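Colleague: For reference, the chains in residue letters:
Protein chains: 2
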Amino acid sequence: MINANNPSLKSWIEVSSESDFPIQNIPFGIFKLGTNSDGRVGTRIGDKVIDLSVVAELGFFAELNIDISVFFDSSLNGFIGLGKDVTRAVRERISELFQDGNSEVKNSDELNRIVLDVDQVEMLLPVEIGDYTDFYSSEQHAYNVGCMFRDPNNALLPNWKHIPVGYHGRASSIVVSGTPLHRPKGQQKPNDDEPPVFGPCKLLDFELEMAFIVGKSTELGDSVTTADAEDHIFGVCVFNDWSARDIQKWEYVPLGPFLAKNFGSSVSPWVVTLDALEPFKVAGSKQDPKVLPYLEFEGDKNYNINLDVIIETAEGQSKQVTRSNFKYMYWNMCQQLAHHTANGCNINVGDIMASGTISGPEEGEYGSMLEISWRGTKPVPMPDGTERKFIHDGDSVVMRGFGEANGIRLGFGEVRTKVLPAKG
Amino acid sequence: MINANNPSLKSWIEVSSESDFPIQNIPFGIFKLGTNSDGRVGTRIGDKVIDLSVVAELGFFAELNIDISVFFDSSLNGFIGLGKDVTRAVRERISELFQDGNSEVKNSDELNRIVLDVDQVEMLLPVEIGDYTDFYSSEQHAYNVGCMFRDPNNALLPNWKHIPVGYHGRASSIVVSGTPLHRPKGQQKPNDDEPPVFGPCKLLDFELEMAFIVGKSTELGDSVTTADAEDHIFGVCVFNDWSARDIQKWEYVPLGPFLAKNFGSSVSPWVVTLDALEPFKVAGSKQDPKVLPYLEFEGDKNYNINLDVIIETAEGQSKQVTRSNFKYMYWNMCQQLAHHTANGCNINVGDIMASGTISGPEEGEYGSMLEISWRGTKPVPMPDGTERKFIHDGDSVVMRGFGEANGIRLGFGEVRTKVLPAKG
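Sequence order for the protein chains is B and L. FYI, the numbering for the first sequence is 1 to 424, going by this note's numbering. FYI, the numbering for the second sequence is 1 to 424, going by this note's numbering.
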């Protein structure tokens, strides 16, 4: 077992039992302090953000013999690029420094520069994203969409159980939690017999996803096997792949979603390492028909992580509309990465690969309003007496993820996005 | 008229009448000299590459009052980011320095550091690409594909004449001319009644495209009008959007092409500015039905640029298989950019947006082997007695573009890619 994952560890920083950030988590993120500063690398324990640039500057990582300039960067790319041996050693060392009984940092004269209140800092996008890929890997989601738009008896397309279907998304418009987004405008064709119209999207939706951050680059022409894939995955975030259903419906044949997606996607700020998620591994569902050899894998590659979606109205009334789970993935991350690189496509540190909407088998476990309201036929009642078929201006969509296993509870924090009215 | 475009100008550098690079061109690119040097910014006249970092260092741009560090970068992003007023002034100044009668550079003691033989240098990728988008804007290409895969009476999909259809591609695997690519491997389903197989692609194809480089960034939420679009376009390259037809056919429904495209795309090294292309502007074909107001535009926005594709065998025997033209675009670049940003999607300097395969109305003007060989039913005889339905290992595909108008002939140089056998 990785020492940092030891469930009996406690930190000398106070951590409530419901916190996403016990000392067993130690995620990495980029924060800034004050409006004029640049971003730098931090971690989080309870409600405290740890400034790792100061920890490094004061020599607490000296024995690791690493280039500490990476902790002063405004993205995690440099840190991640040091490789998993190094980032793992840093996580282990942080675990050591902040566990009960260790006084190295606790007694430091610089304690107030190292340990900051979470309210003091602003979280930034954790990585500089080269390319963004979105998969479509939840069977229930693909089935639900197939039922609504095609035929319940033929809901899954013929390739779906052979290929971890994916497509390229827009990297430039990925924003960190807390960044509001304007409702997109675009072409829609509400009436089959009339020409398309242009205007604000009427069917704005979220998609509940998890996204992994590539941790090790490859050269063009190289492939990553399922066995090596975890070496190339640094960690995971919660991801909201915003979707404009009316724009999507009219534009997506034959080349896939484009303007229906690229107006914005939202990511949670803390990257939870694959190491920290080790205790939450579970088996995925059986894959039948048998997959091609390059997609075969050994061991448990799914993760038991609860995923919640809450809609908050402009007035602050909130309703949880989903509890899904990351374990409901037909195709796991190792298969996604092996597929993505099977043709020699190169990947780079900081690339984001998202899961696709994660829906569970039951109502109440669906990962989009499209499914929850079943195309608008089952509106969701809100506490203020209004109802939601899709997302309204002024609503905030909040997604959270957390797991409980083997004596550890940890989570991802949240990805929160407020929807502003369409511009001008 | 822009002074640099004056057809009566001649350079004191010798330029053959067939050269793509008369003094009226003045494209920008990144080159390196020797194996240990980094890239820097250059232009080209005839068979000479001009090292603009040395021109700048020696003070020849002093009156322009610009940050000359951009000429020492290994991408054009910094230079382009100075804005069109500046890059236009640099082009005008280069035109002045290298025209007949000007001796400022010609008599410089450092002439041999400034003017280099094209054979001395290696051309690199011209820009650091944030995001790459591929459109599908040639009507003949969309029609041909529709005829082959659907129905000649319904070849164009209902959205095609309303939307400049596009999709996101992979930025990481875009390579500069001269970079060989391995034949990709992937899933194919050659037989409808049998499961898919995995192996080297059998139907490897090129796509003849032009690509523009974004010259001015926008913020998330902003849109670019067709009237402002040219301000946001720095210049244009020739682009080969490599495609694996058998992988594409099996994977692309419903989310579009993915592994069939992202194993590599090839771009020509010299970015020809939109200013230099001004003399080649022509009207596009009439758009009927009338487009939505955000896609309306004024003036001529197509370009009369001949586009050639040559296949060279491993033994060096070559055959031109296409002469198409950039003017055969139903949707012009201004409409593409207005559409791309209509939903608030942000764009960044260095983004690449490609046209989609450009096919003309006649046989002999088709932009892909899929169309030229009509799905393999009309093989192309080669000078060595072999034939081509698609591209073979060892073949090089060469694309060139040039225009002749208003007393000026200029071109793009070439994008050349050799296909290596599939790895391992």
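I should point out that these hints are in silico values taken from the structure, not numbers from a laboratory. Just so it is clear, the structure is predicted and the values come from calculations on it, not from any experiment. From the three backbone atoms N, C-alpha and C, an ideal C-beta is built for every residue, glycine too. Do not rely on the hints blindly, as some may be mistaken.
[As the list claims (entries may be wrong)] Away from chain L, derived, C-beta distances all over 10 Å, residues of chain B: (1) Gln-120; (2) Asp-131; (3) Lys-185; (4) Gly-186.
[Claimed, not checked] DSS-like, lysine-lysine: derived pairs with alpha carbons at most 25 Å apart: (5) B:Lys-290 with L:Lys-286; (6) B:Lys-301 with B:Lys-281; (7) B:Lys-161 with L:Lys-189; (8) L:Lys-106 with L:Lys-32; (9) B:Lys-286 with B:Lys-161; (10) B:Lys-286 with L:Lys-189; (11) B:Lys-249 with L:Lys-216; (12) L:Lys-286 with B:Lys-161; (13) L:Lys-286 with B:Lys-189; (14) L:Lys-32 with B:Lys-290; (15) L:Lys-161 with B:Lys-202; (16) L:Lys-106 with B:Lys-249; (17) L:Lys-32 with L:Lys-161; (18) L:Lys-216 with B:Lys-423.
[Claimed, not checked] Facing chain B, according to a computed beta carbon distance under 10 Å, are these residues of chain L, among others: (19) Tyr-136; (20) Ala-405; (21) Ile-408.
Colleague: Going through the numbered hints above, which ones does this structure break? Give me the numbers in ascending order.
Modeller: 2, 3, 4, 5, 11, 12, 14, 16, 17, 20 and 21
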